[in-house]
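Engineer: These are the residues of each chain, in order.
Number of protein chains: 4
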Amino acid sequence: MKRIAVFTSGGDAPGMNAHVRAIERTAEKRGVETIGIVGGYSGMLNGHFELLDRIRTANILDRGGTILKTSRCPEFHDADQRAAAVQQLRKHGIDGVVACGGDGTFHGAHLLHVEHGIRIVGTPGTIDNDLFGTDYTIGYDTAINTAAVAIDRIRDTADSHGRVFFVEVMGRHAGFIAMDVGVACGAEYVAVPETLTDVEVLYERIVTQGLDKRTVVIVGEGDESGGAMQLAQRLESRYGIAPKVTILGHVQRGGAPTVRDRVLAARLGAAAVDALLEGQSDVMVGQAGPDLTYVPLEATWETHKAVPSYLIDLSTLLV
Amino acid sequence: MKRIAVFTSGGDAPGMNAHVRAIERTAEKRGVETIGIVGGYSGMLNGHFELLDRIRTANILDRGGTILKTSRCPEFHDADQRAAAVQQLRKHGIDGVVACGGDGTFHGAHLLHVEHGIRIVGTPGTIDNDLFGTDYTIGYDTAINTAAVAIDRIRDTADSHGRVFFVEVMGRHAGFIAMDVGVACGAEYVAVPETLTDVEVLYERIVTQGLDKRTVVIVGEGDESGGAMQLAQRLESRYGIAPKVTILGHVQRGGAPTVRDRVLAARLGAAAVDALLEGQSDVMVGQAGPDLTYVPLEATWETHKAVPSYLIDLSTLLV
Amino acid sequence: MKRIAVFTSGGDAPGMNAHVRAIERTAEKRGVETIGIVGGYSGMLNGHFELLDRIRTANILDRGGTILKTSRCPEFHDADQRAAAVQQLRKHGIDGVVACGGDGTFHGAHLLHVEHGIRIVGTPGTIDNDLFGTDYTIGYDTAINTAAVAIDRIRDTADSHGRVFFVEVMGRHAGFIAMDVGVACGAEYVAVPETLTDVEVLYERIVTQGLDKRTVVIVGEGDESGGAMQLAQRLESRYGIAPKVTILGHVQRGGAPTVRDRVLAARLGAAAVDALLEGQSDVMVGQAGPDLTYVPLEATWETHKAVPSYLIDLSTLLV
Amino acid sequence: MKRIAVFTSGGDAPGMNAHVRAIERTAEKRGVETIGIVGGYSGMLNGHFELLDRIRTANILDRGGTILKTSRCPEFHDADQRAAAVQQLRKHGIDGVVACGGDGTFHGAHLLHVEHGIRIVGTPGTIDNDLFGTDYTIGYDTAINTAAVAIDRIRDTADSHGRVFFVEVMGRHAGFIAMDVGVACGAEYVAVPETLTDVEVLYERIVTQGLDKRTVVIVGEGDESGGAMQLAQRLESRYGIAPKVTILGHVQRGGAPTVRDRVLAARLGAAAVDALLEGQSDVMVGQAGPDLTYVPLEATWETHKAVPSYLIDLSTLLV
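So the sequence lines, in the order shown, correspond to chains A, B, C and D.
Position one of the first sequence corresponds to residue 319 (the numbering used here), numbered consecutively onward.
Position one of the second sequence corresponds to residue 319 (the numbering used here), numbered consecutively onward.
Position one of the third sequence corresponds to residue 319 (the numbering used here), numbered consecutively onward.
Position one of the fourth sequence corresponds to residue 319 (the numbering used here), numbered consecutively onward.
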């Protein structure tokens, strides 16, 4: 194996740059060249390739976003387009690929492996943490800390005014972010897809707290109520309480990665290169407890990853 | 003068706690007691008073929000209610009052002075910076830094995806926050009430930048376009470009105050106590350049405070 | 069990307040009262006890330090003094105790159990992470992030000047902090007690890097070279290169806890209360991977906890 | 004027990158090319020049340090070397120069103007704030905020342990940083070159506070006591109180610039280019209140800039 490529795809996540750096440095130590594919699958299709070296990857480890850019690439659903992308990889002499992203990214990677025998290893790069096969994804730790700092700020205001605030955090399909920050910020209620959101309980929680006291409710964007705005409207129409709503949105995404995200990104980067060199393919490299894990790409989206039950318990116990 | 009172009113602003601490410490040094009125004008009406001392004001200087709480108090538009509030002040032997807030707060304070001869001094506590008579208001510096950090994060994502982002910042009547953070974050366009928002120029700015490049547009909530969402819709309906919209909202409000806000809060707190002791009333204490200023409360809302023209110039020059 | 007590002891660690809050809230839910012992073992001796309730523990979860104060208490080495402390516990009707701290804390707790049958459960509260029986200690995650942010800043300067910087981080007996931040910050060399510090290798690393390039070397305070200052002197006397030295010191200790620290503190707080209620004693409650662990207090200091080998490998691989 | 150059010199300061960006963007708008001199005067001597454009200056505005590097250059004290540097400037067709730094930088710039007629304008780039002719220097606002955050953290520990901490902050010749952060952090004592440091008063302040209470003393490195370590030793030898000492050091230097520093850097960058175009030379461009100022370079070091007396007053009033 003489030349590998790496790309980032889907939503950007803090730690992706530390990851790219680790891949380049590891490959260099193993005597392998690293190509950066710019702009995810769309860059692969268009042959937007760039040779990476230690100078290019210097001073990026503490930067949010991804120097390799990212994109959503609907064309990749088309088998002909995937074949064209494979031509690009072959033309550039690429023997193996690291695909950093979420389940959309892994779908594409899996097809490149199955249809064209491309040796490809996935790494979990998404702030949502909703990939089976790893305790944490790259970017998740930064996102929850960013969200918590924002919610601490909102609590200052909620406290000063004795108001009810609903804060919507990211997490389209899973309540990881909402649960972790809910417990971390002492939220009075956490609404997530994993549990039934009961407006009556929520109302009682607010009333018990004291109507002139601050209440902070965290709502995962994937919550079955439809998000913070909808839940607020239900509360208002039923009980006449009008909460202030804040949608954190893209503020949660960028920023300098935390130590955990940088170290996870570094470790999985090194492991992904070594996995390729050992001949692995069609797997995601993750981490469970202190150990590396290797799961088939298909399992990452087919097997459900549950929010830890202890988090759900704490979110009601400590109110 | 033996006993003064202080209250915070309107939207909470970082630095209010440092301000309250400074007032208590200064009064103590001058041999005067300090009463904290809890909950703004509404606490004044209800006699919600608390004796402050150095223990109560310890360790609050770096906390966002306000330990004295705050509220909006529509009852205070009623002259009878104001008379009742004055009874409370007299009953508690209060000889002078510091009112920290924005123009709504100062309206009430002015009436207490005019109608009842209450000795009252205002201090500018609002993140919006839109009060005539002071270069900066307490809380403004923290708010712009909080907003800038959030926008730096959004730029990571905008850069990684080559996308157009519209970010709405606070400032109902004035574009201070938008202009300062727009220049600070290198925004491609800044839309504020003070200037004409020209969708064509905005579109050209985006196109010149390159449609696959990140563009960050800062929109003051008071912008005549009606805010970020409306402006985004105008851009989309006219040119087919659909920006991502983030409304920073209450995230901008809380948090540990910056050094500038703490020092300003400390200085104006000490000066407000001394102004009361010197017999001043119906004035706001502010700062212009290195100097303290004293302007009639009425002037703070009657005279327009303009966003510095150099900021507006820089926002287009450095694009 | 009707009444339990909690105290924090040894060096303060971010998350201790979130921990105390979780203990009080859990106990309340279980129908048990919580007493806060103020000032660690010394407070226990002097009967410095305070009844905790949900108001006292509100709004502390995001504060560094510990509202229960802490101290080093040499008197506790004396058996008579320990007996006197036990009298205080009995006098106040305390049926169980949670002791949050490091190995010094646990030594004392173990003796209270062995000598007097006090039901006592330890929880790992130290930024050093050097306790066997838990993957992470409360405070560690915050400390490494604080250190990393400081080192990112130092790297700005090191880069701008092309200089060699030695930064000493905490960790008297173990190199956890140094290794995690070394990998996270892309340090050119990490000197820890666990590995042999080789000045020749260090010198070569600096020279390879380029003498006019920035080099950042992380030194654990427990390193056998004796710390950053000594290592810098050895480098200078042997090779004539004079690095700038920064000792991070107590800056690493305080600050708002990270989400991981808050959640760990919450979980272990709840688990410690439940362990007492189940009749456990003389154990530390910790976390390994996703699971709670219970290890005899003695094991926490008798069994060596090793810095993960993958961290040590990454620290040289990614240079 | 067709081509100007810019360099950064002396200690790096946050905001220098925002400054370089503003210079390049302004020059471009005026139809002038910008050359970046890499490594300060030493880069000028060696002809280490780089053409700047909007791509090179993109995404640097929120980065600490300086992309143009900096250095101390003792050779520049030699008139022959200065003549050689001027040759380089002429060879590269440079018509004007912006020199960003402190008084050392301005000495050199002044000589280039006087000896060789180089058109050169200085801008204040130093975290120390000790240059006459401007209210604030680029980098100062960031440095005081970084220091304050660190001291807030130390206060957590000081509070938890009831200990006396001495914290040394930067400021070789002036106490600006110490005074601003002392007031901002509620320090019990602030020792600066500008005032007499009285160990007896300091001791009384600590004792009054309560010996088991936290005391935080801020010491400017330029204090006549010789710094925090020396002052601590004097306190210990005379009164037997042994404070913990932390020297913040280079941690204060880097990091993302605050909004004030970015806006100041932007404004002074634009103004410096325009000053060159208007034919100005041998002056520093600064800001006083809302206005731009232009002072002869010589005045910046010959005229003493005093720490505002209100800060000194507040540092004792609010204790």
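No lab work stands behind these hints, which were simulated from the structure alone.
Keep in mind the model is a prediction, meaning the values are calculated, not measured.
Treat the hints with care, since some could be wrong.
Repeated chains share a single entry, so a pair holds when one copy, or any two copies, can fit it.
Said to hold, decoys possible - With a straight-line Cα cutoff of 25 Å, these simulated DMTMM-like cross-link-like pairs (lysine to aspartate or glutamate) come out:
1) LYS623 with ASP453
2) LYS320 with ASP631
3) LYS531 with ASP398
4) LYS409 with ASP609
5) LYS347 with ASP398
6) LYS531 with GLU393
7) LYS623 with ASP609
Engineer: The structure should be examined with respect to each hint, and the outcome stated for every one.
Structural biologist: Hint check:
no.	hint	in the structure
1	LYS623 with ASP453	both (9 Å within a copy, 22 Å between copies)
2	LYS320 with ASP631	between (50 Å within a copy, 23 Å between copies)
3	LYS531 with ASP398	neither (60 Å within a copy, 28 Å between copies)
4	LYS409 with ASP609	neither (36 Å within a copy, 48 Å between copies)
5	LYS347 with ASP398	neither (36 Å within a copy, 46 Å between copies)
6	LYS531 with GLU393	between (52 Å within a copy, 20 Å between copies)
7	LYS623 with ASP609	both (18 Å within a copy, 16 Å between copies)
In summary, the numbered hints that this structure violates are 3, 4 and 5.
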